[in-house]
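Undergrad: Sequence order for the protein chains is H and F.
Under our numbering, think of the first position of the first sequence as 1, with each following residue one higher.
Under our numbering, think of the first position of the second sequence as 1001, with each following residue one higher.
It should be emphasised that the hints constitute simulated quantities derived from the structure, not laboratory data.
C-beta atoms are modelled at their ideal positions from N, C-alpha and C, and glycine is treated no differently.
Mixed in with the good hints, there may be bad ones.
Pairs of lysine-lysine residues, derived as DSS-like cross-links and limited to a Cα-Cα distance of at most 27 Å, are as follows [claimed, not checked]:
| hint | chain 1 | residue 1 | chain 2 | residue 2 |
| --- | --- | --- | --- | --- |
| 1 | F | 1421 | H | 112 |
| 2 | F | 1112 | H | 112 |
| 3 | F | 1112 | H | 346 |
| 4 | H | 347 | F | 1421 |
| 5 | F | 1112 | H | 421 |
| 6 | F | 1346 | F | 1527 |
| 7 | H | 112 | F | 1346 |
Heads up, incomplete: computed chain F residues facing chain H, CB under 8 Å, no partners named [stated by the list, open to error]:
| hint | residue |
| --- | --- |
| 8 | 1012 |
| 9 | 1295 |
| 10 | 1296 |
| 11 | 1334 |
| 12 | 1389 |
| 13 | 1390 |
Number of protein chains: 2
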Amino acid sequence: MLADGPEREDGRTRVVIEAVEPQVDGGRFAVKRIVGDEVEVRADVFADGHDQVAAHVLHRGPGDREWRAVPMRPLGNDRWAATLVMGAEGVHRFAIEGWIDRFATWRSALGKRVEAGQDVAVDLLIGAALIEEAAARAAESADGAVLARAAAALRGADREAAVAAALDSGVEALVGMHAERRFVTRTDRDYPIVVDRERARFSAWYERFPRSSSPQPGRHGTLRDLGRLVPEIARMGFDVLYLPPIHPIGRTHRKGANNAPEAGPGDPGSPWAIGAGEGGHTAIHPELGTMEDFARLVESARAFGLEVALDLALQCSPDHPWVREHPQWFRHRPDGTIQYAENPPKKYQDIYPIDFETEDWRSLWAALRDVVLFWVARGVRIFRVDNPHTKPFAFWEWLIGEVKAAHPDVLFLSEAFTRPKVMYRLAKLGFTQSYTYFTWRTTKAELTQYLTELTQSPVREFFRPNFWPNTPDILPEHLQVGGRPAFVARLVLAATMSSSYGIYGPPFELCVADALPGREEYRDSEKYQIRHWDWNAPGHLRDLIARVNRIRRENPALKATDNLAFVDVDDDRLVAYLKASADGGNVLLVVVSLDPDHRRSGRVRLPLARLGLGPSEPFLVEELLEGDQQIWQGEANLVEIDPRAMPARIFRIARRLRRETDFDYFYM
Amino acid sequence: MLADGPEREDGRTRVVIEAVEPQVDGGRFAVKRIVGDEVEVRADVFADGHDQVAAHVLHRGPGDREWRAVPMRPLGNDRWAATLVMGAEGVHRFAIEGWIDRFATWRSALGKRVEAGQDVAVDLLIGAALIEEAAARAAESADGAVLARAAAALRGADREAAVAAALDSGVEALVGMHAERRFVTRTDRDYPIVVDRERARFSAWYERFPRSSSPQPGRHGTLRDLGRLVPEIARMGFDVLYLPPIHPIGRTHRKGANNAPEAGPGDPGSPWAIGAGEGGHTAIHPELGTMEDFARLVESARAFGLEVALDLALQCSPDHPWVREHPQWFRHRPDGTIQYAENPPKKYQDIYPIDFETEDWRSLWAALRDVVLFWVARGVRIFRVDNPHTKPFAFWEWLIGEVKAAHPDVLFLSEAFTRPKVMYRLAKLGFTQSYTYFTWRTTKAELTQYLTELTQSPVREFFRPNFWPNTPDILPEHLQVGGRPAFVARLVLAATMSSSYGIYGPPFELCVADALPGREEYRDSEKYQIRHWDWNAPGHLRDLIARVNRIRRENPALKATDNLAFVDVDDDRLVAYLKASADGGNVLLVVVSLDPDHRRSGRVRLPLARLGLGPSEPFLVEELLEGDQQIWQGEANLVEIDPRAMPARIFRIARRLRRETDFDYFYM
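So that you can see chain H by itself, here it is in the shape it has in the complex (with noise of 0.2 Å):
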């Protein structure tokens, strides 16, 4: 009934490895980081009985042939960790070994035995074996000399010199390099992370549409127009300017003016049905310019430290060339006509979805792919992904991950306004940068459960937010209510909470509150219309945002979204959080009121002890939206915020008034 014995490879492996981290679901998914983090992997390793344990952590970046082993160190209660610095951009991977340290063992027990006064002479024969062994995988080196004196003086006869030389530490560290590993245990599998560049966690986000970038009001926007006011986007301190979709539109039961079924005759259309005869997801919208013209936006946006992102939007309007080309990529309804987009009762006539359970899935998912390509070849290295969530999560995976393999420099926003979990498939499935509900959560219970949940739950392991106060599609009611206070908080909050946001301009700057009666729609949106913007007009932000965007690129505490730590202060719609650079040279304390209408004031409660403060110490805070420094003092200090004259504060806790010359220095 029963085997004579296991049929297993070797019983004799005694090492455990287990809780490695970081790691997304067990491995099947990747951690994300960027450039020069440190990324400390920790697991616990750990054996029967009382032998001492050994482990590292081999880690392969991309492109290199060999693992390197990083040697782990024990954190107490069986944990170990390694710190591994991520070089190159495009996947890492990591494992982790484990094995008994023969030799620490030995050296360990002889210590105490040697301690108790106990007779150690076969100890050291022992010991002198175990170093002979070391000694003969060490002969092609100086090391197996050093060695083999040593040996020697444990057989020797000179038991205090023996003894010496057993517990010299330089013996252990060469046994330790010329060590036999017997009975390695190893994870059972390798644990990725990718490694983008900075501005997978760090951006400002700016979107337009080109066609409403015309100086003349009536005149049809183009690329040339747009690059016009790079200078000044450029001013206003973002490093991404966004397109909303660059290609021809089809004419196909377009729609007018906010969102009206049937376009009139002037009529532009959505940008969102794509293709016509003029081209497809590879051609430009004539009325925008060439490719030619693209080119040089890109070129010049990039002059200024702008990146070119655009809209990756897969459906098609009737016009598209696909829909001749490969019919077989549309769903077809028994009466002959292809389905168009609905939401029923809801219908989007003017889109058709692309039918991913198509049989010629093949070529449909490699034509996507040159989709990218094609753009990735013209300069772009950003996409921001429209609805990524209605198209199979198995397409992105191979999507992005054919795509960064070579191109690693790529990134992909992941535009999913949909369920959490699903958002957070689309994160940990490869998306760069994800939309977030941030847009809708107003109160401070719903920030601080939703900025709680982004980074302190294991999702900050693979979901970076990008938050947006607004976007074409959402003018959220809080902004149609609050006026300038309202949007003044809201940027702040959006690009302070989190290290990369983004707004829908100009009608951000503008303070647009036009809204379809009941919805959060904007009336005559771009989406359906040109529209001529004043940036000029009294009460707009572009300064103010200048500043914020500023104070992000001065402040290291803010490139970062999960070092977020909200702090108590006694009024309920004053939010005040602390953010700190990984080193913790670099502490800002937020505060923001969600109050658009009346003066607050509070008390904000600092955890002095964790910012290395003692409890009646002083210290100055600079207040870097308008520039005035305090003194403050103790646990709690008050702030009194009125939203007219400006809805939050940034406060730089500069330094400590440690010496008497620092309160000279400000009081001078």
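Mind docking chain F on chain H? Use the hints.
TA: Chain F alone, transformed into the frame defined by chain H:
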């Protein structure tokens, strides 16, 4: 550089399955349940887009040839669940499959279109085709004709009849039964559940040295003597009678009384120094009796509802037959001696540990398994495993798996008083129950922290605690100084916090507090000498133990451990917790005083809403240790404890006084 297209099996598999529960380490280890348990399997199941998904759990019990499908029901937020009933002992497995439910998706959209008054002519044709496909698959059964008629109705001229047929729930159910499941996603692995008999979770252990069971002082006790005590032990209400090793005891380096390095002529030695000329792990110490005596003990214990559990201590005295027959199973030193057990600088010369790193490990493992099977063949179904943490993890996983594959009713208790991760690993790999740190957790904070970890964290799925107030190795300090109140308090804590517990008797019943100075070691320990106990000495706890064990049997709330919930009581030496049966029909409140010296009183705060009680509703509580009844009302009720009288209260929240007649009855 890039392939022409995706290299994968089918990119149209759109459903994702995540976050499967219950599981241990992603399915690497089994969760533990008992026969009759209902297991709710839960997972996130979702797809891209708006299509409806469906899922089922596949379940295969031990011996089942086929998987049985149990449909999952949606819980909201993309979470799904199905309930499996654990029928037979052994290893059950489950997997999850999910797919797009094309018909439900179509039907739901149709309903919305009909409601919006849209033309659904083409939609009815699509649905008719889906129903016809199901009809074709059901052609063999009567369902085929029903479905064919429904499809005909959808294609018919009568629009109202067509819509009615399309939305008919009977049609939906039939289509579901004959659904085509395309592009099914299955979990990457199966998830194991080890199902044991109830004793695995609910057990009261009594440990006793047979050699101290003689009715005459000075005579070596025998298995027959112990057999005569069985009725007394059973009367105390225990389920398991656990015997320290009963094998021949070595003579070489035998230890004397109080662990003296040299035994005197009459010293019996430690039963854990296993093996002598008379035999090893499959022999019985001649002074205890014969194999027939053992068989009779097992038999008579069973007649009184007691199972005999043996000690499995995998080590040898220098006189064990294996030392001669299998010298390669031991470690040899350069001077030709065999390595004895050590924890430097301590030496245990009466014991040779087994060298699990032997080249001959396969034969060794088989021999150790055969020891277990030898005793299984003699009616033993429970093993208390001595120091499992000093033998390789892989060995235990194999051994327990082998034994339970043939004998799923065999239970293993892990005596691993060691580091937490080692203890948990042993539990994961198969030990049925585990010793715990309870023995040293004495303050309210310690008990709260530890019980919360055991009952609320993931360890609850695999670690079944067995609480011991004392063992032959441990007479903890609080029992040395606390007197009878401390023994009673620890008894009630062990027996009501954990559904499995045990005592080492008779020292426990007799409140023996005599330790070696400054140590937790019993003076004149039975480990090294024979003791004679007067069970009827004044102050014995036998009647109280009987009462506690009867309360355990009569109250289902005490048959589980992870149903414990602490409640607030405003005295920091009083600890209070609720235990409720799964159906809520049996609710106990236990209050124990940790102060053996002084009266204590405190207000216990009950979660009335959770108990189904109104804020000012009176309710009857019945104290089970002393038998009095009280009417309580409101959230906070006073409990007073005089430790000299009774340091614990076990209240049954017996009935709600909803009707006047209850009051009448109570006040009668």
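Undergrad: Does residue 346(H) lie within 27 Å of residue 1112(F) when you go C-alpha to C-alpha?
TA: holds, 10 Å
Undergrad: Is residue 1346(F) within 27 Å of residue 1527(F), Cα to Cα?
TA: holds, 18 Å
Undergrad: Does residue 112(H) sit within 27 Å of residue 1421(F), going by the straight-line distance between their CA atoms?
TA: holds, 26 Å
Undergrad: Take the shortest C-beta to C-beta distance between residue 1012(F) and chain H; is it under 8 Å?
TA: holds, 5 Å
Undergrad: Double-check residue 1296(F) for me: the hint is only fine if its C-beta lies closer than 8 Å to a C-beta in chain H.
TA: violated, 28 Å
Undergrad: Going straight from one Cα to the other, do residue 1112(F) and residue 112(H) come out at no more than 27 Å?
TA: Distance ~80 Å between residue 1112(F) and residue 112(H) Cα, so the pair is violated.
Undergrad: Is the interface hint satisfied for residue 1334(F)? The criterion is a beta-carbon contact with chain H at less than 8 Å.
TA: holds, 4 Å
Undergrad: Given residue 1295(F) as an interface hint, is its Cβ closer than 8 Å to any Cβ of chain H?
TA: Check failed: Cβ of residue 1295(F) comes no nearer than 23 Å to chain H, outside 8 Å.
Undergrad: Once the shortest beta carbon distance from residue 1390(F) to chain H is found, is it less than 8 Å?
TA: At 5 Å from the nearest chain H Cβ, residue 1390(F) passes the 8 Å test, so the hint holds.
Undergrad: Quick check on residue 1389(F) please, does its C-beta sit within 8 Å of some C-beta on chain H?
TA: holds, 6 Å
Undergrad: Quickly compare the C-alpha distance for residue 1112(F) and residue 421(H) to 27 Å and report which way the hint goes.
TA: holds, 26 Å
Undergrad: Are the Cα atoms of residue 112(H) and residue 1346(F) separated by 27 Å or less?
TA: holds, 10 Å
Comparing the model with each numbered hint stated earlier shows that hints 2, 4, 9, 10 do not hold.
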